[in-house]
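A.B. asks: Here is how the chains run, residue by residue.
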Amino acid sequence: MAILDAPTDAATDSGSRAERRWWQLSGIPPAYWIVGLILLFMPVVASGFVLSQLLAWSFILGMIALSLMFLAGYGNMVSLVQMTVAGVAAYMVAIFGTSAVDTISLGWPWWVAAPVAILVAVLFGTLSGALAVRTEGIYTIMITLAIAAAMFYLVRQNYSLFNGFSGLNQVSAPVFWGVNWRAAVPFYYLCLVCAALSYLAVIYVKRSPFGLALQGVRDNPRRMAALGFNVTAHRIAAYAFASLIAGVAGVLLVWLNGQVSPGTIAVGPAIDILIIAVVGGLAHPIGPFLGALLYVFLRTFALDVLVSVGLAGERFQLLIGLGFLVVVFFSSDGLLGIWRRLRERSRRDPLTGETDG
Amino acid sequence: MGRFAARHPIWSAIIVLAAAVLIWAIFAPWPEALEDAIGRKKIFLNALFNGITLGALYFLVASGFTLIFGLMKNVNLAHGSLYMLGGYLGYETAAATGWWLLSFVVAFVVVGLIGVLLQVLVFRRMEGEDLKQTLVTIGISIVIADLMMWIWGGDFYQILTPAWLSGPIDLPLITGVSRRTGEYIYLTYPVVRLVILLAAIAIGVGMWLALNRTRIGMLVRAGVDDRDMLSATGVRIQRVFVLVFAFGAGLAGIAGVIGGTFQSVAPGEDTRFLLASLVVVIVGGMGSIPGAALGALLIGLAEQFGSVYAPTYAVVLTFLIMVLVLAFRPQGLVAVRR
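Protein chains in written order, with my numbering: chain Z, 1 to 357; chain A, 1 to 338.
None of these hints come from the bench; they were simulated from the model.
Heads up, the beta-carbon is just placed ideally off N, CA and C, and yes, glycines get one too.
One or more hints might be untrue.
Which residues of chain Z face chain A? A few of them, derived with a C-beta cut under 10 Å, are [claimed, not checked]:
1. 34
2. 35
3. 154
4. 159
5. 266
6. 345
Partial pick of chain Z residues on the chain A-facing surface, computed with a CB cut under 7 Å [what the hints assert, rightly or not]:
7. 134
8. 138
9. 142
10. 146
11. 150
12. 153
13. 271
14. 278
15. 321
16. 325
Pairwise CB distance ranges, derived in the manner of DEER restraints [to be verified]:
17. A:324 with Z:299: 37 to 43 Å
18. A:310 with Z:31: 42 to 48 Å
19. Z:170 with A:324: 28 to 34 Å
20. A:324 with Z:230: 42 to 48 Å
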C-alpha cells in the first residue's frame, strides 16, 4: 500500500507559515488565485471546442476520479465502481428525464430527474460500498471490478429499462433562467462550479471530524475500533459521500455527451478512472483533476501525435498503457509525487542537504 | 460426510432431496405438464451440459489465477490477457500446421514463458505491494490488449476442431419421447465439448494429486502456509515461484485454445475471462483449487441456465451468487485454512 502513504499537503503548508505577505492575508495560496482567475476567464480566449470537449470533460472525469481519490487516499479503499456510479446517474437522468426513446423515458422535468438520479446513484454506490467494505486491499478492487462488470453486462442485455446495446440518446441539458445550459460557455461554467464545489467539499470533509476518523481508520482500523469508532459505518459513509460526487459528475456527463450507452460504464472506462487518479496522484484532491486534464489532452491529440511520428492513430491505448506503466513504476504517487520531489530538491540546501521550510 | 449429516440434519435432507430431484430430472423422461411449464427437456439438458463445460473452461482459467495468488500473493490482473494470447497463438498454430493438439503445446509453452518473464521482471520487484502489482498488471494488460489488437485486429477467430472430434454424439440421456413412433429420443451433444470436459477434469485431478502427493506440491503447500519458514529451511523458494507462475500462466494459455475452439477469440474476451476468474475465485475461495472447481461449476451453470431461462438477467444471477457468498461466507465457499 505504499502508493497511498505520505499524504502530505504541499498546497496548504505555505499558508500556515507564521509570517504572511499582504497578498496571503486570506490564507489562500497565490497559486489558487492564479488558477482560479485563469479558469474563470477561460471563455474569453478559448473556443467552444476547447471549453466543452477538453475542459468540461476534464472537470467531469476529474470529479469521478476525485471520488475515487477520496476513497483511496483517505480511506485506503481502491474502488473501481465509481465510473459505474456516475453511469447509473447518467442512465437515471435519461430514464427519468427526456430522451429519444420515449417508450422508456418518463419525461420528468430536469429539476426532479437530476436530483432523483443523483439519489439513485448514491444509493447504488452506498450498496456497492457496503458490499466492498467487507473486504480489504486487493479484494476490494476485485469486488468493485466485478460489480462494475456485472452492471455493464446487465445494462447491455436489458432492453426494457436500459435499451440494451444502443443506450439512450438525445438527452439534452435543460434550459432555465433563460440560459441554454447546452451551449459551450454556460456548460463550461456549470462544470467549473460543480468541480470546484466537489473539490472544496473533499477538502472540507477531509478536515472534518468524520474525515479525520476516516483517515484514522485508513491508518489503523483495529485501533480505531478499539477507540469506539464504527469502522464499517465510516467506510460505508465514505462510499456514500464519494458516490454523491460521482453522481453529480454522471449527470454532467450525460448532459455533455447527450447520450449514455453501455460503453460509458464498460470496464475500460472504469479502469481509465483509476489510471487518471493514480497518474494525477492520490495524495491531494487536485491530483485527479491534473490526471483528467492530461488524459483528455492525450485522448484528443494522441491521434495527431501518433500519426506525425509514423504510427497508426489507433495505438492510443498503447500510449496510455505505457505512460501509466512508467508512472506507476517510477513515481508511485503520480504527478503530484514528481512535483513534490522536484520542489524538495529545489529547496534543499546544496551544502547541508537539508530542506528549509 | 457423516459428521456433516449428524450436525446439520435438515441441510443434509435438503441436499439429498435436491440431488434426487436433479438426478430424476436428468435421467427420466419428463411428463408433459412439466414440459409445458418450463420448456422442453432437451433445452434443460443442453443448458446443463453447456454450463458444466463452460465451468470446465472457467476452472482452467481461474485455477491458474488462484494458484498464483494462493502461493505468491501475486495479483495478476493480466491473467485474462494471457488467456487471450493463448487463444490467438492456438489459432495461428492450428491454422499453420493443421494440428489441433500441437496448438495446446505451443500455447502452454509460450504463455508459460511469458509468465516467467512477468514473475521475474515485474512481480519480483514489488513483492508484497499488492496495490502496486494490481496497477502495474492493469497497465500491462492494456498494453498487451492493444498489441494483440495491432497484430490480430478486431476480427473473431475460431479454432477449427479436427475431423475426429467434430460432430455430435448420442448420449444415453433421454430428452423426450417421439410422438409418432413412441421411441425415446436421446441427447446429441458435440464431442469436442465432452472431450474438453474430460481433459479439464483430468487436469484438475492431476493438479490436486500433484499438490497433495508430490514433493513439489508439498513445497507449494508449505509456501502457501508459511513462506518465510519454508525459505528458512533452505528451499529455493524463488524457483518454486517461477515454476508455479509458469504453470498457472500456461493453464491460462491452454484455456485460451479451448475457449477459441468452444467459442471464438476476439478483443474484449480478456476482460470477460479476467472477470469470470475473479468471480469464480471470490465465490470459491482465494487460493483453493477445489474452490476454483466449485466456483467455476456454479458460475458456468448460473450463466447458462440464466441465459436460457432469464436471458435479460443472466449476469445478475452470477452477480447474485457472488453477493450471497460474500454476505454469508466472505472467505469463499471452500476457504483455505489459515
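A.B. asks: None of the hints should be skipped; say for each whether it holds.
C.D. replies: Evaluated hints:
no., hint, in the structure
1, 34, "violated (32 Å)"
2, 35, "violated (28 Å)"
3, 154, "holds (5 Å)"
4, 159, "holds (7 Å)"
5, 266, "holds (8 Å)"
6, 345, "violated (24 Å)"
7, 134, "holds (5 Å)"
8, 138, "holds (5 Å)"
9, 142, "holds (5 Å)"
10, 146, "holds (5 Å)"
11, 150, "holds (4 Å)"
12, 153, "holds (4 Å)"
13, 271, "holds (6 Å)"
14, 278, "holds (6 Å)"
15, 321, "holds (3 Å)"
16, 325, "holds (4 Å)"
17, A:324 with Z:299: 37 to 43 Å, "holds (39 Å)"
18, A:310 with Z:31: 42 to 48 Å, "violated (56 Å)"
19, Z:170 with A:324: 28 to 34 Å, "violated (39 Å)"
20, A:324 with Z:230: 42 to 48 Å, "violated (24 Å)"
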